[in-house]
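Enquirer: Next come the chains, spelled out residue by residue.
Protein chains: 2
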Amino acid sequence: MSVVRVDLEGVASRALAVRREADEPRSPVVRFGPDKPLKLDARVELSPFQVAYQTYGTLNADKSNAILICHALSGDQYVIGEHPATGKPGWWETMVGPGKPIDTDRYFVICPNVLGGCMGTTGPASRNPATGEPYGLSLPVITIRDTVRAQAMLLDQLGIETLFCVTGGSMGAMQALQWAVSYPERVFAALPLAGAARHSAQNIAFHEVGRQAIMADPDWRDGRYLLEGTNPRRGLAVARMAAHITYLSDAALHRKFGRKLQDRETWTFGFDADFQVESYLRHQGSMFVERFDANSYLYITRAMDYFDLAADYDGVLAHAFKGAKTRFCLVSFTSDWLFPTSDARAIVHALNAAAAPVSFAEIETDKGHDAFLLEEPELFAIVNGFLDGAARARGLSAAKG
Amino acid sequence: MSVVRVDLEGVASRALAVRREADEPRSPVVRFGPDKPLKLDARVELSPFQVAYQTYGTLNADKSNAILICHALSGDQYVIGEHPATGKPGWWETMVGPGKPIDTDRYFVICPNVLGGCMGTTGPASRNPATGEPYGLSLPVITIRDTVRAQAMLLDQLGIETLFCVTGGSMGAMQALQWAVSYPERVFAALPLAGAARHSAQNIAFHEVGRQAIMADPDWRDGRYLLEGTNPRRGLAVARMAAHITYLSDAALHRKFGRKLQDRETWTFGFDADFQVESYLRHQGSMFVERFDANSYLYITRAMDYFDLAADYDGVLAHAFKGAKTRFCLVSFTSDWLFPTSDARAIVHALNAAAAPVSFAEIETDKGHDAFLLEEPELFAIVNGFLDGAARARGLSAAKG
Chain A
3 MSVVRVDLEG VASRALAVRR EADEPRSPVV RFGPDKPLKL DARVELSPFQ VAYQTYGTLN
63 ADKSNAILIC HALSGDQYVI GEHPATGKPG WWETMVGPGK PIDTDRYFVI CPNVLGGCMG
123 TTGPASRNPA TGEPYGLSLP VITIRDTVRA QAMLLDQLGI ETLFCVTGGS MGAMQALQWA
183 VSYPERVFAA LPLAGAARHS AQNIAFHEVG RQAIMADPDW RDGRYLLEGT NPRRGLAVAR
243 MAAHITYLSD AALHRKFGRK LQDRETWTFG FDADFQVESY LRHQGSMFVE RFDANSYLYI
303 TRAMDYFDLA ADYDGVLAHA FKGAKTRFCL VSFTSDWLFP TSDARAIVHA LNAAAAPVSF
363 AEIETDKGHD AFLLEEPELF AIVNGFLDGA ARARGLSAAK G
Chain B
3 MSVVRVDLEG VASRALAVRR EADEPRSPVV RFGPDKPLKL DARVELSPFQ VAYQTYGTLN
63 ADKSNAILIC HALSGDQYVI GEHPATGKPG WWETMVGPGK PIDTDRYFVI CPNVLGGCMG
123 TTGPASRNPA TGEPYGLSLP VITIRDTVRA QAMLLDQLGI ETLFCVTGGS MGAMQALQWA
183 VSYPERVFAA LPLAGAARHS AQNIAFHEVG RQAIMADPDW RDGRYLLEGT NPRRGLAVAR
243 MAAHITYLSD AALHRKFGRK LQDRETWTFG FDADFQVESY LRHQGSMFVE RFDANSYLYI
303 TRAMDYFDLA ADYDGVLAHA FKGAKTRFCL VSFTSDWLFP TSDARAIVHA LNAAAAPVSF
363 AEIETDKGHD AFLLEEPELF AIVNGFLDGA ARARGLSAAK G
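Residue numbers (my numbering), protein chains in the order written: chain A, 3 to 403; chain B, 3 to 403.
Rather than coming from a laboratory, the hints here were simulated on the basis of the structure.
Possibly wrong hints are sitting among the right ones.
Which copy is meant is left open, so a pair is good if it fits within one copy or across any two.
[Stated by the list, open to error] Calculated pairs, SDA-like style, for lysine to any residue (alpha carbon to alpha carbon, straight line, at most 20 Å):
1. K262 - E187
2. K262 - D314
3. K90 - H246
4. K41 - W269
5. K262 - A313
6. K65 - D314
7. K102 - A392
Note that the structure is predicted; figures quoted are calculated from it, not measured.
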């Protein structure tokens with residue numbers, strides 16, 4: 003029978019590897035001891051905790067060229083270069099590197115794994131020092147603001163007072179916006195891509211489907227699967243498949259797959275993956291469960307659902323940006339139905355109302371939400387131009403070469 | 003822990019009830035014996051088989067006032083009146099009844115349960131007479147054309163040569179279109195609502211997520227759950243939740259729920275249904291599994307995926323309608339992203355190319371795909387006007403009263 007393929011070989015050892023990465027990541031990590039607890043929005047303190055991160059490029063003498071890249075739901079700190087777990091290239095090779103729009107010859111790039119993640123920053127797969135066992139659902143639910151708070155503590159530790167720029171797409175854009183609101187004096191420029199100031203009802207609904215798919219998997223074991231030696235792979239794969247559709251667009255799926263059949267001349271009249279789009283989706287599901295922790299998926303989707311930048315300002319987004327000096331550039335994509343242009347415009351209007359410097363570009367593309375990750379020359383030109391202008395305003399030296 | 007609520011009480015008895023309904027429905031049923039096999043597109047014959055149906059209104063003397071209503075994926079033959087299994091009103095109370103746009107004082111309405119369904123027409127929950135056990139996955143995969151073929155045999159049995167009109171929304175529209183192509187001489191008028199001439203890659207993708215959710219449920223038991231006394235309720239609930247989002251629109255979800263919380267003042271920082279939209283979705287999932295068979299969900303979604311009216315005509319849709327005499331009226335809804343207006347336009351263009359009589363209306367609404375089921379006065383006016391004009395052309399007597 004045809005279900006998501008589960009490669010049983012080495013499942014246990016890979017589960018161990020994910021768990022090991024959660025505590026002892028292959029990237030640098032800063033550990034915050036009992037003297038430096040993280041105050042969470044859930045009104046509890048997380049302590050001890052740790053933040054894993056990668057850096058690229060060189061910090062200049064006056065520490066004024068740091069760009070913080072915030073990753074999205076399924077991303078991690080491995081922005082470029084070979085991923086230590088999957089062996090694949092980083093998730094933003096198109097954008098970041100020597101001579102790229104985010105030029106590592108010019109800027110010092112930092113990318114931390116988010117709170118609740120599974121690649122070395124404290125998350126549900128991390129060992130709870132109080133019990134010696136993985137947190138599972140005993141980890142407090144975290145928010146985007148909590149993640150940003152932890153990132154600020156990381157920067158303190160790295161001796162970086164002010165960010166030249168904070169950027170990211172999707173959930174990364176949420177973090178970039180939260181940075182500008184929580185620490186306006188520490189952010190010279192902000193470049194949120196394909197984001198929103200709050201998660202929509204439809205997006206919460208899609209997240210809830212993913213969570214229910216995970217929690218419906220008997221191998222989830224009320225979140226205790228790491229202890230019990232199981233792994234809710236099927237549930238997580240279904241969650242990823244549903245989410246993945248939302249990252250693309252109807253037009254892109256039509257262009258890429260249409261109704262083309264997978265390695266066959268005609269329908270099989272069965273439930274096998276007759277259509278290429280089915281095969282592709284199943285592949286996406288299978289790949290994801292190899293590298294991601296199911297409970298992390300619950301925590302991170304929840305953090306996105308809770309994101310509502312205006313909530314602390316009586317629902318008036320402009321008040322969140324009051325007195326903002328940060329230079330903003332917002333980017334949306336015409337075919338992005340997860341974070342449509344209207345979401346970006348709402349932010350632009352609020353920034354305008356707050357008299358903050360902002361530019362905005364809507365890019366015409368059929369690639370959907372994922373366009374920020376893809377080969378999109380107009381996006382590259384905008385990012386390059388915005389950073390270059392900000393760098394001149396900041397008095398950064400021109401690009402090398 | 004917070005998962006889709008499963009009311010364990012009476013699960014076994016309800017499973018039995020669904021199974022009983024599959025063989026001995028409470029609605030009329032026509033049984034086709036070994037002398038009348040159904041020739042399936044899968045190149046096998048289904049025999050014996052049966053079609054369950056409901057009728058409303060009275061067939062006139064010359065049998066010229068019959069309207070065939072074709073139901074959608076999650077529908078059944080109980081168009082109006084109390085549903086025998088759920089006790090709820092029929093699925094098209096807004097549209098059908100005395101004095102309604104599809105006026106049962108004037109027209110004779112027939113609605114059969116689709117092939118592959120679970121309310122009395124042969125489907126995977128039906129008893130296979132060769133084994134005495136439910137078919138499960140041993141039932142051949144069926145197509146929309148197979149369903150229409152079975153419906154034509156039903157009409158033969160009822161002595162109805164020509165339909166005054168065939169109508170339906172979503173998958174119902176697919177059947178209406180297939181009727182006009184398979185039996186053009188038997189269809190005077192066709193009124194497909196919110197439909198398409200073929201299923202898109204994105205729609206196949208969403209269906210595949212639903213199927214994977216069902217097949218990932220260990221209680222599915224390779225489709226043998228009825229025999230083994232289990233029921234993949236959680237998988238089916240997740241499938242329904244994912245699908246349900248696609249039936250609505252971002253705007254409708256925002257209007258209905260926004261980010262409103264469910265019976266609480268603030269976030270719980272947990273995975274309970276904090277948001278109303280989550281609670282609503284879970285409810286949709288729970289309700290659906292009470293009345294629907296999981297294998298039927300696999301078969302019917304597959305039939306929709308396979309639907310491609312132009313496939314037998316070298317991909318040229320206009321050729322499918324060549325020489326059509328049927329009067330068509332197509333309706334789409336602006337916020338329907340599952341079967342967008344472009345799908346309807348493609349059909350209209352093909353009908354124009356085939357010089358077939360066609361009218362078309364795109365209705366402005368934020369209600370999404372499900373708009374065809376809801377209180378939508380403009381839709382009612384269009385249906386009423388189209389049927390009235392066709393009735394005059396057909397020489398049917400005017401509406402009573």
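Enquirer: Each hint should be assessed against the structure and marked as holding or not.
Expert: Structure-based check of all given hints:
1. K262 - E187: neither (53 Å within a copy, 32 Å between copies)
2. K262 - D314: Answer is between; shortest inter-copy Cα gap is 15 Å, intra-copy 49 Å.
3. K90 - H246: within (19 Å within a copy, 35 Å between copies)
4. K41 - W269: between (56 Å within a copy, 17 Å between copies)
5. K262 - A313: Intra 46 Å, inter 12 Å, cutoff 20 Å: inter-copy only.
6. K65 - D314: Answer is neither; intra-copy 32 Å and inter-copy 67 Å both fail.
7. K102 - A392: Within one copy only: 16 Å inside a chain, 64 Å across chains, cut-off 20 Å.
Checked against the numbered hints given earlier, this structure breaks hints 1, 6; the rest are met.
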